[in-house]
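J.: Sequence:
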Amino acid sequence: ADVLAPFGWAYGATVAFKAAGARPYRSSARVICVGNLTAGGTGKTPIVIAIARALDRQLRVSILTRGYGSGVRGPAIVTSQMAASEAGDEALLLVAAAPVVISANRAAGAKLAERNGTDVIVMDDGHQNFSLAKDLSIVVVNSEEGFGNGRLLPAGPLREPVQQGLARADAIVLTGDADFTVPSFHGPVLRARLFPNDGPGLKGRRVLAFAGIGRPEKFFRTLRTLGAEVVATYAFPDHHVYGARELAQLRKRSDSKNAVLLTTEKDFVRLPCSQRQDIRYLPVRAVFDDPEAFSKLVSSVAQGAGANSSG
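With the numbering used here applied, the sequence shown covers 134 to 444.
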């Protein structure tokens with residue numbers, strides 16, 4: 134990793150340079166950004182959904198995403214009828230919570246959301262993006278992984294130095310169950326746990342599990358915790374696009390083991406509709422340890438936001 138360290142310094146310096154030279158667009162809607170300091174899964178998507186749902190009761194909310202894995206540069210509005218190859222798997226998960234705008238250019242995406250009468254924009258994964266001014270910046274940290282080896286990409290998981298990233302954060306949400314102290318951060322630190330909605334009723338079920346996410350082992354462990362008899366597991370790269378032949382092989386294996394094929398919600402929305410009929414998925418939701426603190430944090434930004442809807 135030492136050989137890669139200079140590339141990491143360059144990467145971190147690039148983020149600082151972008152921040153210093155930014156002239157962000159100030160939206161008429163309030164902007165809540167949910168981001169992270171590391172590459173890989175921290176549980177950001179369920180947090181974005183929880184915020185959108187919390188605000189949706191009194192305000193018009195849009196989720197703004199870059200649309201990882203989508204073929205759309207945007208700005209475009211995502212509909213639930215779109216295929217994952219078109220919209221990206223995360224966008225299809227988010228659209229269940231609120232209207233979703235995909236845009237590689239975040240300022241252009243915000244303008245489209247405004248034209249649709251949006252009061253609050255929840256920006257998915259924008260902590261290192263400086264094209265849009267933020268009213269609240271939340272950094273999600275996986276307590277089990279922390280900041281890894283503390284090095285910057287490609288020598289470690291960090292997108293920028295920890296102190297540099299935390300200096301722009303208003304609040305931190307810790308996911309996972311491990312004890313983790315965020316170094317020298319003085320804002321609110323909330324804890325959210327990702328709970329499976331045990332829809333499929335897994336206790337005692339024979340399951341063949343597959344996943345193409347940041348941390349597939351965690352998903353497999355969750356299934357065992359829920360009482361599933363996991364007969365085999367298959368891990369694929371993050372955001373993996375499943376081919377018909379691969380799925381046929383998985384079906385064949387699950388049949389031979391008399392097991393149900395089960396995957397994550399994120400993987401499920403990535404499957405072609407024609408391939409979903411006999412595959413189950415496990416939905417998850419974020420539950421905050423202190424719901425009042427979460428509500429207070431989110432509503433502090435939303436106050437007065439409705440005044441923008443006529444403009």
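Among these hints, one or two may not hold up.
What the hints assert, rightly or not - Mimicking DSS-like on lysine-lysine, the simulated pairs with C-alpha atoms at most 30 Å apart in a straight line are:
1) K385 to K429
2) K351 to K336
3) K390 to K429
4) K385 to K336
5) K244 to K351
6) K244 to K385
7) K390 to K351
It is worth saying that the hints were derived from the structure and are not from the lab.
J.: Of all the hints given earlier, name the ones this structure violates by number, lowest first.
T.: 1, 3, 5 and 6
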